[in-house]
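Protein sequences, first through last, are from chains A and B. Under the working numbering, the final residue of the first sequence carries the number 253; numbering is consecutive throughout. Under the working numbering, the final residue of the second sequence carries the number 253; numbering is consecutive throughout.
I should point out that these hints are in silico values taken from the structure, not numbers from a laboratory. Treat the hints with care, as some may be off.
Below, in silico cross-link-like pairs of lysine to aspartate or glutamate (EDC-like), each with a Cα-Cα straight-line distance of 20 Å or less [stated by the list, open to error]:
id, chain 1, residue 1, chain 2, residue 2
1, A, 187, B, 72
2, A, 187, B, 75
3, A, 187, A, 201
4, B, 187, B, 201
5, A, 187, A, 177
6, B, 187, B, 118
7, B, 187, A, 72
8, B, 187, A, 75
9, A, 187, A, 127
10, A, 187, A, 118
11, B, 187, B, 177
12, B, 187, B, 127
Note that the coordinates shown come from a computational prediction; the quantities given were computed from them, not determined experimentally.
2 protein chains.
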Amino acid sequence: MNASPDLRQQIEQTAVLRPNQGLRSSPIAAVILTGGDVDAIAGLLTLRERQAFTVLATSRVHRVLDDNPIFEVLDRSIVTRQMITLDAPCPVTLPDGRASGLTVTLFAVPGKVPLYLEQPGTIPALEESDQTVGAVVSDGQSTMYYVPSCAAMTSGLADRLRNAAAVFFDGTLWTDDEMIRAGIGPKTGQRMGHMSVSGSDGTLAAFTGLNVQRRILLHINNSNPILLDDSPERAEVAAAGWEVAYDGMELTL
Amino acid sequence: MNASPDLRQQIEQTAVLRPNQGLRSSPIAAVILTGGDVDAIAGLLTLRERQAFTVLATSRVHRVLDDNPIFEVLDRSIVTRQMITLDAPCPVTLPDGRASGLTVTLFAVPGKVPLYLEQPGTIPALEESDQTVGAVVSDGQSTMYYVPSCAAMTSGLADRLRNAAAVFFDGTLWTDDEMIRAGIGPKTGQRMGHMSVSGSDGTLAAFTGLNVQRRILLHINNSNPILLDDSPERAEVAAAGWEVAYDGMELTL
Numbered sequence: 001m002n003a004s005p006d007l008r009q010q011i012e013q014t015a016v017l018r019p020n021q022g023l024r025s026s027p028i029a030a031v032i033l034t035g036g037d038v039d040a041i042a043g044l045l046t047l048r049e050r051q052a053f054t055v056l057a058t059s060r061v062h063r064v065l066d067d068n069p070i071f072e073v074l075d076r077s078i079v080t081r082q083m084i085t086l087d088a089p090c091p092v093t094l095p096d097g098r099a100s101g102l103t104v105t106l107f108a109v110p111g112k113v114p115l116y117l118e119q120p121g122t123i124p125a126l127e128e129s130d131q132t133v134g135a136v137v138s139d140g141q142s143t144m145y146y147v148p149s150c151a152a153m154t155s156g157l158a159d160r161l162r163n164a165a166a167v168f169f170d171g172t173l174w175t176d177d178e179m180i181r182a183g184i185g186p187k188t189g190q191r192m193g194h195m196s197v198s199g200s201d202g203t204l205a206a207f208t209g210l211n212v213q214r215r216i217l218l219h220i221n222n223s224n225p226i227l228l229d230d231s232p233e234r235a236e237v238a239a240a241g242w243e244v245a246y247d248g249m250e251l252t253l
Numbered sequence: 001m002n003a004s005p006d007l008r009q010q011i012e013q014t015a016v017l018r019p020n021q022g023l024r025s026s027p028i029a030a031v032i033l034t035g036g037d038v039d040a041i042a043g044l045l046t047l048r049e050r051q052a053f054t055v056l057a058t059s060r061v062h063r064v065l066d067d068n069p070i071f072e073v074l075d076r077s078i079v080t081r082q083m084i085t086l087d088a089p090c091p092v093t094l095p096d097g098r099a100s101g102l103t104v105t106l107f108a109v110p111g112k113v114p115l116y117l118e119q120p121g122t123i124p125a126l127e128e129s130d131q132t133v134g135a136v137v138s139d140g141q142s143t144m145y146y147v148p149s150c151a152a153m154t155s156g157l158a159d160r161l162r163n164a165a166a167v168f169f170d171g172t173l174w175t176d177d178e179m180i181r182a183g184i185g186p187k188t189g190q191r192m193g194h195m196s197v198s199g200s201d202g203t204l205a206a207f208t209g210l211n212v213q214r215r216i217l218l219h220i221n222n223s224n225p226i227l228l229d230d231s232p233e234r235a236e237v238a239a240a241g242w243e244v245a246y247d248g249m250e251l252t253l
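Construct the entire structure; sequences and hints are all you get.
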């Protein structure tokens with residue numbers, strides 16, 4: 001969770017809006033949602049009004065959209081809302097009905113309810129369910145994992161990611177209490193549903209031995225020193241073989 | 001209405017996010033909403049999470065926010081939602097309780113229901129109510145009108161704007177059918193709740209004789225040729241004494 005919606009996330013999620021046919025086309029054929037929090041779904045509001053694409057998400061996340069009438073701006077006769085069952089590979093179809101050649105599979109990762117659905121005064125439980133998910137996208141040859149929010153590395157998740165060609169992973173905070181220590185917020189990373197990058201139970205440590213070829217941190221809070229090119233923390237992630245995502249990043253597998 | 005949310009609108013609405021005290025402050029003390037459509041309210045989602053400010057709007061527009069749980073990301077214990085009655089001057093209070101010295105008054109203008117609340121298959125009626133409003137902001141000496149969406153110039157609105165020091169006004173389309181003619185959409189400006197800039201019943205004509213000192217068009221659709229610095233239409237609005245709003249525009253009265 002960031003103090004303001006992570007616009008980079010939204011832009012990555014929505015790809016580059018550039019007409020490739022006609023006056024107002026865009027190359028976006030599908031949007032995969034990995035949760036119902038603002039940073040995952042608010043970008044949909046920049047894709048209105050009459051662009052055909054498919055929104056792929058779990059039933060839990062679709063319910064979040066259904067419960068917010070503002071998302072009706074995505075005209076249901078133009079924008080298809082497709083439910084995905086966890087762990088079931090789902091072929092991504094183009095708006096004209098042709099196969100895209102891509103398959104997406106969503107899988108549960110430890111996370112919490114979206115911030116705006118938290119009950120005031122209670123600390124939301126971390127759960128592994130269809131409310132916070134990772135996505136694996138494959139063209140049958142190459143495979144990419146996308147896990148922008150994750151509260152803990154489970155043995156199941158480690159097994160899943162082992163030997164992957166590329167993994168984008170939650171890089172929200174460097175240390176769990178950095179926002180508290182900086183005086184910019186009262187919450188730990190765990191409270192927000194994120195594991196930290198550093199530390200013995202952090203992301204760098206958790207990926208050791210998983211043999212993931214490209215490891216890329218994203219969803220990075222503005223308190224995280226890895227955002228600074230010249231910080232010791234950036235040097236540490238680089239030395240551990242990690243990249244830090246940036247605006248306009250493209251990946252070829 | 002634009003094909004995608006008018007980001008310039010959102011940015012103007014939310015001013016410049018620049019810390020002026022502490023680590024995460026912003027100079028935004030209040031947000032005035034002039035309607036419930038996406039381009040008017042989606043910017044609120046970039047102002048989360050723990051910034052104190054006041055959202056000023058009519059009860060009708062507040063109901064739109066209430067009906068969308070995603071806006072609960074604006075923590076009600078931090079962000080005050082203040083109801084404004086039409087035509088009643090409302091002092092704008094700073095988050096710390098001090099007076100800002102500014103007063104805002106909202107007034108009804110002809111408009112329609114937000115796009116995402118339209119009933120499928122029906123053409124929404126234009127009405128002059130608390131769903132689409134203009135705002136007048138005053139410091140007791142200078143006064144600025146802000147009318148980003150308006151379907152028609154009524155005699156009441158003309159009387160209100162007469163002799164104003166500055167008016168920002170709906171500049172969505174140049175001609176009512178330009179989107180249809182360009183093949184980029186099936187709707188006229190009137191269908192979308194906007195009067196056009198040109199023509200005998202257009203904005204330029206409607207302001208003739210009103211003696212408004214600074215007249216500034218904003219909320220401009222990307223089909224409107226006044227966006228091009230070198231277009232004949234831009235020359236025409238300039239010759240008529242109008243300015244075209246741009247990113248980062250500042251106004252001193």
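Verification of the supplied hints:
1. For a cut-off of 20 Å, the pair hint linking residue 187 (chain A) to residue 72 (chain B) stands: about 18 Å separates their Cα positions.
2. Distance check on the hinted pair: residue 187 (chain A) and residue 75 (chain B) sit about 15 Å apart at the alpha-carbon level, within 20 Å; holds.
3. With a C-alpha separation of about 18 Å, the suggested pairing of residue 187 (chain A) with residue 201 (chain A) holds against the 20 Å cut-off.
4. Distance hint between residue 187 (chain B) and residue 201 (chain B) is fulfilled; the C-alpha atoms sit about 18 Å from each other, no more than 20 Å.
5. At roughly 7 Å between alpha-carbon atoms, residue 187 (chain A) and residue 177 (chain A) fall within 20 Å of each other, so this suggested pair holds.
6. Distance check on the hinted pair: residue 187 (chain B) and residue 118 (chain B) sit about 14 Å apart at the alpha-carbon level, within 20 Å; holds.
7. For the hint linking residue 187 (chain B) to residue 72 (chain A), the alpha-carbon distance of about 18 Å falls within 20 Å, and the restraint holds.
8. Among the hinted pairs, residue 187 (chain B) with residue 75 (chain A) is consistent with the structure: their alpha-carbon atoms are about 15 Å apart, no more than 20 Å.
9. Taking the CA atoms of residue 187 (chain A) and residue 127 (chain A), the gap is about 18 Å. The hint holds against a cut of 20 Å.
10. Using a Cα cut-off of 20 Å, the hinted pair residue 187 (chain A) and residue 118 (chain A) holds, with the two alpha carbons roughly 14 Å apart.
11. A distance of roughly 7 Å separates the Cα atoms of residue 187 (chain B) and residue 177 (chain B); the hinted pair therefore holds under the 20 Å criterion.
12. Of the supplied pair hints, the one linking residue 187 (chain B) and residue 127 (chain B) holds, its CA atoms being roughly 18 Å apart against a limit of 20 Å.
Hint compliance for this structure: every hint is met.
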